[in-house]
Amino acid sequence: MTLDRARWDTGITYDAFKAAMTRNQERFAENEGRVVLDPETVRTFKSLPQRLRVLVLAEDWCGDVIANLPILGRLAKEVPTLDVRVFYRDQNLDLMERWLNQGKYQSIPVIVFLDENFRELGHWIERPASVTERRAQERKKIFAAHPEFGSPDAPVDQLPEDVRARLQAELHRMREATLAFANSEVQRELRELISGVAV
Amino acid sequence: MTGKPVKVKITYCAECGYEPQALDLTKALMHEFGARLSAIEIIPWESGTFDVSVDGELVHSMRREGGFPEHASVKSAVRARLDRGSHV
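Keeping their order, the protein sequence lines are chains A and B.
If you're matching positions, the first sequence starts at 1 in the numbering used here and goes up one per residue.
If you're matching positions, the second sequence starts at 1 in the numbering used here and goes up one per residue.
None of these hints come from the bench; they were simulated from the model.
Do not rely on the hints blindly, as some may be mistaken.
Claimed, not checked - Taking CB as the label site, the calculated pair distances span:
no., chain 1, residue 1, chain 2, residue 2, range
1, A, S47, B, I42, 47 to 57 Å
2, B, R79, A, A19, 42 to 52 Å
3, B, G17, A, D38, 24 to 34 Å
4, B, P20, A, A16, 56 to 66 Å
5, B, M30, A, F181, 26 to 36 Å
6, A, K140, B, E65, 36 to 46 Å
It should be emphasised that the depicted structure is a prediction, and the values quoted were computed from it without experimental measurement.
Backbone N, C-alpha and C fix where the C-beta goes; we use that ideal spot for every residue, glycine too.
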């Protein structure tokens with residue numbers, strides 16, 4: 001797989017991706033509106049000595065894309081030297097193969113920082129491990145507090161519909177409650193990623 | 001002898017875009033078994049789920065088996081359940 005100017009130009013801008021979304025457009029816009037950029041994040045990216053290409057692999061049905069891509073979008077609005085291009089994962093499997101999660105999973109979003117000559121400076125995949133861990137802990141607490149939800153490992157189709165709806169509502173509340181932490185962790189990882197490379 | 005109709009539940013991760021796989025399996029089961037199924041319930045869920053149960057018995061779990069189920073294996077589970085129902 002060669003990543004060159006011609007291939008780069010097949011990617012679409014962040015705004016074009018938003019406009020072309022066939023689902024989750026409202027959720028995406030809502031998440032974008034709720035992003036609070038850490039001044040340190042903006043400062044870190046603004047202080048970079050050169051323009052960066054930012055390649056993103058995404059799909060509009062993916063929850064992690066809906067949650068995390070708006071953070072990059074907001075950052076790129078603040079830092080005009082970030083040139084973001086989005087590539088649909090399922091139409092660019094050769095690119096996906098290059099940045100598989102743990103070498104085997106086609107997890108998205110993938111955010112790849114490249115220099116002007118398409119040399120990779122670093123990449124970021126899906127979501128921070130700290131967020132996965134925190135949410136798993138919170139999920140355990142929910143099940144501990146609600147015996148009616150049964151075992152966290154049991155198939156949810158065994159729950160009566162009303163109980164399942166309550167579980168879903170609890171999980172939604174938990175995600176909302178951990179949103180600020182998650183956004184902050186994404187920014188911390190992106191900052192650390194770009195701070196750790198010579199640009 | 002026709003067995004007692006069985007119910008299939010398909011729980012899929014809506015956030016992961018697994019609708020096509022859920023619908024393909026639903027269609028395959030409808031074509032294969034028709035009215036021998038009492039219902040096919042499709043449950044939108046999250047967390048990378050793709051579970052299939054037949055009359056309450058989990059016959060495929062993405063977390064347990066990995067990946068999506070082969071249609072043939074789900075059909076086989078439904079057939080076995082129908083056969084069991086016809087012998088009680």
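Here is what the structure says about each hint:
{"no.": "1", "hint": "A:S47 x B:I42: 47 to 57 Å", "verdict": "50 Å, holds"}
{"no.": "2", "hint": "B:R79 x A:A19: 42 to 52 Å", "verdict": "48 Å, holds"}
{"no.": "3", "hint": "B:G17 x A:D38: 24 to 34 Å", "verdict": "30 Å, holds"}
{"no.": "4", "hint": "B:P20 x A:A16: 56 to 66 Å", "verdict": "24 Å, violated"}
{"no.": "5", "hint": "B:M30 x A:F181: 26 to 36 Å", "verdict": "44 Å, violated"}
{"no.": "6", "hint": "A:K140 x B:E65: 36 to 46 Å", "verdict": "24 Å, violated"}
Figure legend: structure checked against the earlier numbered hints; hints not met, in rising order: 4, 5, 6.
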